[in-house]
Each structure stands twice: as structure tokens, then as C-alpha cells.
Amino acid sequence: MSQDTHAEDKERIGVYVCHCGSNISATVDVEDVAVWSKDALGEDGVVVSRDYKFMCSSLGQELIERDIQEQGLTRVVVAACSPHLHEQTFRGACNRAGLNGYLCEMVSIREQVSWVHTDKVAATAKAKAMVAGGVERVIKNEPLEPLHVPIHEHTLVVGGGIAGIQAALEIADSGNKVYLVEREASIGGHMAQFDKTFPTLDCAACILTPKMVTAGNHPNIELLTWSEVERVDGYVGNFTVTIKQKPRYVDTDLCTGCGICWEKCPKKVVDEVFEAGLGYRTAVYTPFAQAVPKYPVIDPDTCTYFLRGKCRACEKLCPTDAIDFSQTVTYKTVTVGNIILATGFDTFDARRIPQYGYGRLANVFTSVEFERMCNAAGPTNGDIVMRDGVSKPESVAIVHCVGSRDRNYNNHCSVICCMSSLKFAHLVKERTGARVYNFYIDMRTAYKDYDEFYQRLLEEGNLFIRGRVAEITDAARLPGEEGKLIVQAEDTLVGKQRRVPVDMVVLAVGLEPRHDAAEVAHKFGISCSSNGWFIEKHPKLDPVATMTEGIYVAGAAQGPKDIPSSVAQGSAAAARVLSRINKGEIELEPVRATVDAQKCSGCRICNDLCPFGAIIFHEDLMVTEINHALCQGCGTCVAACPAGAISGSGFSNEQVMSQIEGLLAFSLPNNLIELVPA
Amino acid sequence: MSEKPKFAMYWAASCGGCEIAVLNIGEKILDVDANFDVAFWPVAMDAKYKDVEEMPDKSILLTLFNGGIRNEENAHMAKLLRQKSQILVSFGSCATEGCVPGLANLSSREEVFAAAYDSITSDTLGIRPQYSYEVPEGTLTLPIFNTIVRTLDQVVDVDYYMPGCPPESHQIGAVIDLVIQVLHGQAELPPKGSVIGAGGSTVCDECGRIRNVKKITKFRRLHEVAEIDPVLCLLEQGILCNGPATRDGCGALCPAVGAPCAGCYGPAQDVVDYGARLMTAVSSVIDSNDPKEIDRILDDIVDPAGTFYRFNLAHSLLHASKTAVS
Ligand SMILES: Cc1cc2nc3c(=O)[nH]c(=O)nc-3n(C[C@H](O)[C@H](O)[C@H](O)COP(=O)(O)OP(=O)(O)OC[C@H]3O[C@@H](n4cnc5c(N)ncnc54)[C@H](O)[C@@H]3O)c2cc1C
Ligand code: SF4
Ligand code: SF4
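The listed protein sequences correspond, in order, to chains U and W. In terms of the working numbering, the first sequence has 485 at position 478, counting the first letter as 1, and numbering is strictly consecutive. In terms of the working numbering, the second sequence has 136 at position 123, counting the first letter as 1, and numbering is strictly consecutive.
Fair warning: there could be bad hints in the mix.
[Stated by the list, open to error] Which residues of chain U face chain W? A partial, calculated answer using Cβ under 7 Å:
1) D16
2) K17
3) R19
4) S608
5) C610
6) P618
7) A646
8) A647
9) P649
10) A650
11) L671
[Stated by the list, open to error] With the Cβ distance kept under 8 Å, some of the chain U side facing chain W (calculated, not the full set):
12) K127
13) I612
14) A652
Think of the hints as simulated: they come from the structure by calculation, not from any bench. Each residue gets a CB set at the ideal place from its N, CA and C atoms; glycine is no exception.
Model the full structure from these sequences, guided by the hints.
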């Protein structure tokens, strides 16, 4: 009788071993694992074990559902792929059959066994040990309920480049409020600097400025330019964001954007940002004529009044008295439910490759400078001229991959440079008739209409030399090189060194993560990849979400990309946010850390560790607490707490220790220390 | 033979400090005498193993067993006293966790012998204990020296654990009071397997020092600190203090006088592996993101095993190194 009671106490566990087509079964004897599970783990409560071709198929799931109902299973172990892939699937199956989904454990015998081993016997033994671990663990699992968090319907978009503008417009058009925060004085981002855009060669301003204007006037968009996010508190559905607004020294309520101030400002400085150093601006300025908003800013670092205490010409001349030197930094706090980061990219600093001579050889330009030069509204009014501002080049070399695909600088391909280089080649040909040499490593013209553009360029008679440029120099060695820039490269198609004398060189500098990307990522609680781009949740299936709920990424901040892809991501991120807003609330994984106040001694070791800012310390009680809405269940604090006062639901000590014990019980015995005396 | 219940205390691989601590309970020792018959306590009164062997099973009510299981004699006595006692208390750090003798679990038996017989002795070098030796009177034997130190509960079933190196006298007194109350039907015994004579939190809970968010840039040993801040958390001063992971009950005596907690009260309630816990905790608060700098900071920790596992190695998940068992 006592045995009966014992049997009733025991969990009734089902073990399901998946073939995954042949993904698993080619390396693991799945039938054997299934048979073994019931035999060897029957003591622990395994009452059913099966193998099936595709557990994730609806038939496979029904198998589990039926067993739960007919056999009264109280726990389920699925030995298949990684829980990343199908944990939700099998939890769903359990839920449908009336068993709490968190009483289901997945054991990854694909990623952790079949895909990494070749010896079928050893792989099968390992799969069995892992199933045993899963069974021991699942016994300790507790039923959990997902958390429900309401979603605030306002959204924050950080970065007003094309990606951010697109995202903001999509959301605003649907009737929801957006705060668009832009660091510079105007939105527009890099695209605002360009003249033409590949591959269609339509005018960048013509397609961008209407969107900028719409964003600027949109009743649902609150534009916060000359601003940056200072601090982010809270969690998905309910972020509190503090935005720092730098003083413009211009009262935007009064300013009409008439332009008298910047026309009259006596202080001219080189514009290193928008004009990439090629042109000038005044101390009070808007970055460019179509800037949105139209209000200028006064740059205190160059303004004569700020530097010497006198001038104030703008103040005297402003017809609406909009100049206000007394402005200071202000902070604005907003509440939003979701955040989209669209902070874009920086370009590679060509000075880092000294042998290319940028900054030393006058007629070596960067692609950004060249964009400004081509721009009809730019410093040369669109004339392609040498550094002296008048001479027209008769020959131009365009160097691809500067700082990209180069293990000394960046391993990545910057994606857009081949195409922008072709665009430049076309513009040079069209506007100057000069001979154009493209130095490339591989021509990368994937995507719609790109290769057609390349074909067109070939037909236009541009010259293409396949080889990485070794050096650009003004030291003439051969006749015809005097007074020229000599581009030296190995032509790998011909297999010989070439020295090509030209008048002008354009360096197609690569795209790099923003210099402060890591800082921004930290502020918003997301991560950067090893090369510095914001990491998306899944590279294929979830490209605009991040591992932090409620934070999305769009545009070149996530990785190098062209305008169409940036726009697509802006829309995609907006769609994700809108679906959240539409639903009104979000279900969160209940895997959360909890502090047992009784056991917490207030040592404060954990206090600064949470990447999501979920840890609160109560000074008065000397105990730590975790905000469950903020906690993402990463486990950092659980591991750090020396008192063992923090436990993670779904990852309790008992679960983890049991899993290890189960695993080791069937691993090689000589790995364990025998406790018997020698 | 009196009617009083029987009390026993035994030492295995230990230093004797636990016995002193018991004697240190002052006049309470008279309560022990008033309520118990001391059946076996080699340090206090003469008795032979065979006397214990002859006692009926379960005839001793309470046995305080201190010391780890280093050799076969220790193991024999552990089994014997388990058989003869109703309540077996793993008393003190050695019995409970292996304590300092347990650190020998990182070394092979030969390394232990070499240290004992070749370096810290003035005897002829190279001699080794002989387990059996013929003399005219017969054969003399020595107990087998096992490969590793085991804790009492790794050898026999234990009813209660009382941590401390040694347990604090006031805690011993309180436990004795409790048992006496139980004898008189005035209290109940805690559930089997409980830790008695200690708290449920950590030493930090009893420590009066001020704590802030921790950011450590340098670890220092006591003698390297010119002036210890009298009120600030020692760990924050870069002094490795085991308090955060150690069970409370001692009254935080060490940190109160500026000495870091060594961890003698063993792991706090929910700490599975004491040293691992401490190491993750300490490395979590190193204030650097530069791997080289972190290495440099960690290099200042002299003898990590002896620091983080000083009392606990034999009861850790690791238990012993492969060198020790091979
Ligand atoms: C020389 C060159 C030519 C190119 N030509 C073409 C082309 O012809 N066709 C094409 O499809 N693509 C082209 N591209 C690629 C194109 O520039 C990008 O695809 C596009 O700009 C990406 O847009 P974005 O909004 O993601 O980033 P960005 O344009 O970089 O915009 C990001 C915005 O965020 C702001 N910001 C950054 N950090 C913060 C912060 N912390 N807080 C607030 N605001 C912040 C920035 O000020 C900026 O306004 C070219 C790129 C280069 C370098
Ligand atoms: S598990 Fe701890 S560190 Fe991780 S998110 Fe939760 S509170 Fe923060
Ligand atoms: S680390 Fe643990 S004991 Fe220390 S404050 Fe945090 S929760 Fe409390």
C-alpha cells in the first residue's frame, strides 16, 4: 500500500525524442533513446516515451496532447532542437492539453548533440544522459503563469535619419503619438547630405524632404531636435525617458526661420558635420536649407558672443526677437511604451590608413565630401572640382572598400560602397567627362536593379581594376606621373602591379557603428555585436526586435545597409510597435529573479549588476528587491548573490542541480570522485 | 547507573578547538552535568572504544561529533557513534564541511605525507607511517590514512549540523538549553537535517559596517592596508571578506574588529557551493571591462582555493581534486 502512495506522489512524465528528419536521427539512435528513457528512467516517473519524425509538426504535437489527456502526464520532456526554436511550440501543446506549459522541458539533442558529433554510439549515449538531466529537472519545474504588462501607446524614436523618420511617420499616421529625438539641429541623417541616390539616381532631397516636412508638421509627432536621451527607466510598455535638450539660444515660438541671423552672422567656420569640412557655416545656423525644423541653433563653441562676450548681431537683427542667450539645458521626461533606435552609422576615418594620403594629399577626398561636392546645394554648387575649388579633374580614381573588408580595420562589408562608388563614377563621367577608374576587390551589386546599374556603368566606359589599392602617393617615378596622384594597386585579373596617375581620388569610406553605439546600447539595455552594431533578436527571423522587450532597432544602426533596407526596417519596427499598441498589453516570460528578503543581508554585491536596471536597494530595510517588470531573467544577479538569496523562477537551484545530477548519473563513471576510501 | 540520558562528544580529524568551545560555555557545563550522564568524551574523561562498542544501540541520547573523517579510525568511530546515538550532531566546521584539514583534498596522499614527514619534522626525512608493524609484543597497527577528507555526513547519517570553527559558546549554550527543554517536554526538536546554533542569513546581516554599491579595483591583504576604515564594508576596501556568503550566527566578530570573515560558519542556507558563490560574487564587482586589467586585479588574490574554500572544500561540489584521488 505504501508503494501505491509512492506511485501517486510521483510525476507522470512523457519523453518525446525527435528525429528532426535526419538532422538528429543520422547521428543519434533516437529509437534507442526513446526505449531507454522508459526503461532507465521509469523509476523517476517516465511512463511514456516515443520517437517521432517531426515532433514540432501538428501530428507530433498532437501526440503529446493525447498522452497528456489519456495517460495523465504531469510533466513533458521533448528531446529535439534548441529551446530557442521550439520551446513555445511545445509549451503551447501542453497548454492546449491542460498542462501548464512550464512543466515542459526541452533537451537540445540537435544543436548540442547531433550537429556537433559524428560518433553515433557516443552521441546516443550523450543524448541519453541529457534526457536524464531533463527528466530530473522537469520533476522540479513549477507551473508558471506569463506576466501581463499594459502597453503605453506613445513611442520614442531615437535618430531622425531616414529609418527613424519612416518609423515615426508610420506610427504617427496610425494615430499614435511619437517623440522623435534627434541629436543634430535637423532631422534627415546622412541621406540629407547626398545629391543623387543609387540605383535610380533620383535626387535625394526630392524624396527625403517631403518626408522630413511631414514629420515636422505631423500632429502626432513631437520633434525634439538638438536633443539626446539622457536616461531610460522602466520597462516594456512603460518606459520613462529623460531627454536632454541642448539650448538652441533661439526661441522657437518666436522664430520664423527667416534666415536673417545666419545671413548676418559675422562668424564663419568650417562645417565639419554636414558639409564634411568642405564648406562653411555661420555660428548661428541651420545645417542645410531644407532643415526641419527650420529654426537655427547658435553654436556656443564658435559664437563670438560666447567666446568674447560681445557681438550679439543676430539678437539685434532678428525681426521677432527670437534670439535668447539666456537659454540653458532643459530636460523633458516622457512616458512611452516602446522605443525604436535608429541612430545610424559613422563613416570610417580615412586618416587611419595613412598610405592613402587623406588629409595629407589635397586631392584625396572621402565619399562623404564627394557627396557634398556633387550636391547642387553644396559648397561647390554641384561642380566636381579639385581642392583648389576651380580646376576640373581629367581623371578620377574611386577606391572601394576603404576601411571595409580589411582585417586591419573592419572585417565587414559596408554593403553600400560599391553602389555609391558606381554612382560617383556615373556623376563624374556625366559632369566632367573625366576618365574614371574604379579600384574594387569584388563588385557587390546584389539587390533589385543594382547589377543593371553596374552594367550601365560598364557601358558608359568606366574603367574597373580589380585589386586593393596599396598606396596613393604624389611621388612621381615614371613619366606622366608628375603633378598627379599615383594610385598603386595589384591588378589581380591581369596579375601585375599598376600605377595609375590621376588628378583626384575618392575614397569610398566604409560604414562603422556610431562611435557612441556601445554607450547608447547600454543606456537602452541592449547589446552590440563584437563589431559594434546593435544586435537584433534573431538575424533572420526577428531582425528589428532586440533581446530587450520593447526596444527595437532600425536602419544602419543594426548593420550597414542602403536606403531601401533602412526604410523597410523603419516600417518593420513601426509595425512591431503598432501590433503591441494594438494589443494593449504584452505577455512576458515569467522567468524572473526574486530576492528572498529573509536571506538577503543587503551586502549590495548585486546592486550594480543588472543590465536592465531591475535591482532596487531599500536603504532603510537593508534589503534588495527586484522589479519583475524590468527583470528579463538573465540570471546575472542570481549567479552573483553570495548568499544565494536570489532565485530565478524556472531556473531554481533545485532544477539546475537535479539536471546536473541526472546528466552525470549517466555520464562516464570515472569522471566522478568515488567517496569510498582507497 | 543513573537514569539520566547519556551524552557523548568525540573528536576525529580536528584541532581540539571544538572541545575547548564546549568547555567555554562556563557554568552551563553544570547544566550538562545535571541533565546528562557523560558516557563518552575522550578529551574530558578516560574511556575505551570497547566501552562504546559494548553499549546498547541508541543508548546515547546526544552525541556531538567534531572533526572530519581523515582516516579509518575516524570512520570507524563515526559509524560506531551513529549506531549508539539517538541524536548525532555534526559539530563544528571539520565534521560539517571538512574545514582546513579538508584543503588536503587538493593534494595526493603522498604530497600530504611529504609535507608532514619531510618538511615540518625534525625526524629522519623520508619516513612514512607503516600501517602495521611487528614488535616483540605483537603487531601494532595504524588506521589507514584515506585519500581524501570526508565530512561526517558523507560517511554516516547526520541529524543536525552545528557550524563554526569552533561554534560560538553562546550558540552551544543555546543548543544545550534547547535539548534540555526538549527533555523536559518544553520544546520540540527542529526537523532532522536542520542547521542549529546559527542563523538563516549571512554574516553581513550581523555586521555593522556601512555598505555601498561595490566597485573593486584592487584586492589587498590585511597587512597591505595602511589604515582600515573603521566603519566601511571591508570588501569595499578591497579586503576579501567571506561574510556575504557565510552563515550568520557568530555575531560578525571578525569584521567588527577589522578582520575579514574567513567563512568558518560555512555556507548560508541556500548556498550550494560556497567557494563558487564567493568567486562569482567577488568577480561580479570588479570595476573594469578590460580583460587584462581584470586579470591583473584577480592576480592579487593570493591562494584563491584557500581563501574561498578554506572551510568548505570537502563539502563543495568539487569535493577534491583529481590529484588527490588518483
Ligand atoms: C557616401 C555615402 C553614399 C550613400 N549613398 C546611398 C545611395 O545613393 N543610396 C542608398 O540607398 N544608400 C546610400 N547610402 C547609405 C545611406 O546613407 C544609409 O542607408 C542611410 O543613411 C541609413 O539611414 P539611417 O536612418 O539608418 O541612419 P543615418 O542616416 O545615419 O541617420 C541617423 C540619425 O540619427 C541621429 N543620431 C545618431 N545618434 C543619435 C543619438 N544618440 N540620439 C539622437 N539622435 C542620434 C543622427 O544625427 C542621424 O540624424 C550612402 C552612404 C554613404 C556613406
Ligand atoms: S536576473 Fe537579475 S540581473 Fe538579470 S535581469 Fe533579472 S534582476 Fe537583472
Ligand atoms: S547580492 Fe544577495 S545578499 Fe547581497 S544585496 Fe543582493 S540579494 Fe542581497
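Now the hints, each set against the structure:
no.	hint	verdict
1	D16	violated, 19 Å
2	K17	violated, 22 Å
3	R19	violated, 28 Å
4	S608	holds, 4 Å
5	C610	holds, 4 Å
6	P618	violated, 12 Å
7	A646	holds, 5 Å
8	A647	holds, 4 Å
9	P649	holds, 4 Å
10	A650	holds, 5 Å
11	L671	violated, 10 Å
12	K127	violated, 29 Å
13	I612	holds, 5 Å
14	A652	holds, 7 Å
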